[in-house]
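2 protein chains.
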Amino acid sequence: MTAATYDVLGIGNAIVDILAKADDDFLVRHGMTKGAMALIDEERATAVYKSMGPATEISGGSAANTIAGVASFGARAAFVGKVRDDQLGHVFAHDIKAAKVAFDTPVAESGAATARSYILVSPDGERTMNTYLGAAQDLSSDDIDEAQIAASSIVYLEGYLWDPADAKEAFLKASKIAHNHKRTVALTLSDAFCVGRYRDEFLNLIQTRTVDLVFANEAELKSLYQTEDFDAALSQLGRDATLAVVTRSEKGCMVTEKGGVTAVAAFPVKQVVDTTGAGDLFAAGFLFGVVRGFTHEQSGRLGALAAAEVIQHIGARPQTSLKALAELHGLSV
Amino acid sequence: MTAATYDVLGIGNAIVDILAKADDDFLVRHGMTKGAMALIDEERATAVYKSMGPATEISGGSAANTIAGVASFGARAAFVGKVRDDQLGHVFAHDIKAAKVAFDTPVAESGAATARSYILVSPDGERTMNTYLGAAQDLSSDDIDEAQIAASSIVYLEGYLWDPADAKEAFLKASKIAHNHKRTVALTLSDAFCVGRYRDEFLNLIQTRTVDLVFANEAELKSLYQTEDFDAALSQLGRDATLAVVTRSEKGCMVTEKGGVTAVAAFPVKQVVDTTGAGDLFAAGFLFGVVRGFTHEQSGRLGALAAAEVIQHIGARPQTSLKALAELHGLSV
Numbered sequence: 001m002t003a004a005t006y007d008v009l010g011i012g013n014a015i016v017d018i019l020a021k022a023d024d025d026f027l028v029r030h031g032m033t034k035g036a037m038a039l040i041d042e043e044r045a046t047a048v049y050k051s052m053g054p055a056t057e058i059s060g061g062s063a064a065n066t067i068a069g070v071a072s073f074g075a076r077a078a079f080v081g082k083v084r085d086d087q088l089g090h091v092f093a094h095d096i097k098a099a100k101v102a103f104d105t106p107v108a109e110s111g112a113a114t115a116r117s118y119i120l121v122s123p124d125g126e127r128t129m130n131t132y133l134g135a136a137q138d139l140s141s142d143d144i145d146e147a148q149i150a151a152s153s154i155v156y157l158e159g160y161l162w163d164p165a166d167a168k169e170a171f172l173k174a175s176k177i178a179h180n181h182k183r184t185v186a187l188t189l190s191d192a193f194c195v196g197r198y199r200d201e202f203l204n205l206i207q208t209r210t211v212d213l214v215f216a217n218e219a220e221l222k223s224l225y226q227t228e229d230f231d232a233a234l235s236q237l238g239r240d241a242t243l244a245v246v247t248r249s250e251k252g253c254m255v256t257e258k259g260g261v262t263a264v265a266a267f268p269v270k271q272v273v274d275t276t277g278a279g280d281l282f283a284a285g286f287l288f289g290v291v292r293g294f295t296h297e298q299s300g301r302l303g304a305l306a307a308a309e310v311i312q313h314i315g316a317r318p319q320t321s322l323k324a325l326a327e328l329h330g331l332s333v
Numbered sequence: 001m002t003a004a005t006y007d008v009l010g011i012g013n014a015i016v017d018i019l020a021k022a023d024d025d026f027l028v029r030h031g032m033t034k035g036a037m038a039l040i041d042e043e044r045a046t047a048v049y050k051s052m053g054p055a056t057e058i059s060g061g062s063a064a065n066t067i068a069g070v071a072s073f074g075a076r077a078a079f080v081g082k083v084r085d086d087q088l089g090h091v092f093a094h095d096i097k098a099a100k101v102a103f104d105t106p107v108a109e110s111g112a113a114t115a116r117s118y119i120l121v122s123p124d125g126e127r128t129m130n131t132y133l134g135a136a137q138d139l140s141s142d143d144i145d146e147a148q149i150a151a152s153s154i155v156y157l158e159g160y161l162w163d164p165a166d167a168k169e170a171f172l173k174a175s176k177i178a179h180n181h182k183r184t185v186a187l188t189l190s191d192a193f194c195v196g197r198y199r200d201e202f203l204n205l206i207q208t209r210t211v212d213l214v215f216a217n218e219a220e221l222k223s224l225y226q227t228e229d230f231d232a233a234l235s236q237l238g239r240d241a242t243l244a245v246v247t248r249s250e251k252g253c254m255v256t257e258k259g260g261v262t263a264v265a266a267f268p269v270k271q272v273v274d275t276t277g278a279g280d281l282f283a284a285g286f287l288f289g290v291v292r293g294f295t296h297e298q299s300g301r302l303g304a305l306a307a308a309e310v311i312q313h314i315g316a317r318p319q320t321s322l323k324a325l326a327e328l329h330g331l332s333v
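These protein sequences, in sequence, are chains A and B. Under this note's numbering, residues 1 to 333 are what the first sequence spells out, in order. Under this note's numbering, residues 1 to 333 are what the second sequence spells out, in order.
Keep in mind that a hint or two might mislead.
[As the list claims (entries may be wrong)] Below, in silico cross-link-like pairs of lysine to aspartate or glutamate (DMTMM-like), each with a Cα-Cα straight-line distance of 25 Å or less:
(1) A:K323 / B:E250
(2) B:K97 / A:D41
(3) B:K270 / B:D124
[Stated by the list, open to error] What the simulated footprint calls covered on chain B by chain A, stretch by stretch (three residues with Cβ under 8 Å from a Cβ of chain A suffice, anywhere in the stretch; the number is not a length):
(4) 62-70
(5) 223-233
(6) 257-263
The set of hints was computed from the structure by calculation and includes no laboratory data. Virtual Cβ for every residue (Gly too), placed ideally from N, Cα, C.
Required output: the full structure, derived from the provided sequences and hints.
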């Protein structure tokens, strides 16, 4: 195993978020499931956008948010994802590079427009996502650069990659290369409904140790094992996965490895403005802890810190230096 | 004079803001004048964007922000400005329509891309703007719909309209139509450097009563009369203009009419996050007061209230209902 060029490389859907406030009545009226991510086609995208209030555009994408967070902690980071050569694609590329993340995936010169997620933020801060995948559909195994994957300590993949037709192949190719080079492969289950769509495949990835580190929230964990019994599901995940972290919002997280479980508290938050990116940024902090060889407790605290930062403002990427924030909280790195 | 369809119609550069935080060193390094608006070409736009940190896109444009504010107070509003049929043009059109503003200016199907302002927000909240005019250059007198102008109680124009080549003609045509129909014409001087570029023309517009109501801040007023003596400049403006309002940031504003001057206090603000749009939203509140036939004191307070709202978040348009905010502060409408 040679020295790594990148601490964490993420592969995911390259998406620009279009965020607007909406009350819960709006969600009901438009048949949206609060807190969930729904895939929509272009026609529905046009209709949803037309009905939304004035919006803000900010780069998003689950794994991309995580990788921007990893870079903000001061680690070496790279991202792989597909945009079109349009204005929103330019915005996505600018923002991820400006976050000091290497981003070299070839841009699509034809086909669908850059992916967008129309996100409705409720008064309580909860977000409901409507994602038009567009150009993200065109990510394929050809976009996986063996040398880059081989040179990354951790390869981080989002479960949402199972949605675009060819991205799954890219995912599996990256995982194989990483393991061939004794690297770690991490996966987030992304969304309870995403787990519902790909439950057997996700379980297989975990049980066959195609992934080494699994991130899930409570709803995703329960969906994975089709149970309402959190403790039973956590125990099962502890047996199935090498290492797993389950986030529980304001209750913090549980880290499970080799039968042992560590509970880590969340950070208190003054006001929840927008929960978009909470899970993504938790993963960023935890991955950073893993990169630095920290304890599960320390890594969980870094995850909680990053999640607390991102839910106190609009948008799913950190607006302050997570490195400085970690130092401020004595989680010095 | 027939009944109006719109309370306020604004004409201005249709711009999408691209906002990022930057320290003052960044401004110095890139030769930017803190607090000012600089016009840039496409090459400079590319260079500025490349050097900026991760950004947020929000619809802007000075008069467009004002009109969005007028609509948020509950008045009937319309906007005239030029975008290209590209993604950012779509964003601009969506946001202004979603703010309940009529926006019917034909979209450019060729030529330069939709205008963008690259805005650096300093730690103290001050903003420094770098504007690429793009498609806004293509606004011409052909875009002025006589019936629409004739049906608007107040026509509001931004001084920045003097920058694009043909917009000046649109401005003058609109002013003439408005006066022919006994409507009020208002002008904001926009920026001290803009006043520097067009001082004689702006003075002429005021002195010939081509405009009836003038908005300026301290720097613009001093630039207009090329003096550091605020009181002398204010007296002169009082003589030159029918009605004028000079904003002074946290010191509130001065309203001058027929030799009399009314001072109005600002609203206290917890934390200044981003001053982008402060003057624009002040104008929104004042114009709304004029529409409702309020006193200068009341109109000034409405302006101060709207300005206070917009400087406490990122972006130059209100994020809460100004109507509800006014009611909350006993400025009920």
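Each hint, compared with the structure:
1. A:K323 / B:E250: violated, 34 Å
2. B:K97 / A:D41: holds, 23 Å
3. B:K270 / B:D124: holds, 13 Å
4. 62-70: Three-residue rule not met by the stretch 62-70 of chain B, so violated; n is 1.
5. 223-233: violated (count 0)
6. 257-263: violated (count 0)
Checked against the numbered hints above, the structure violates hints 1, 4, 5, 6; every other hint is satisfied.
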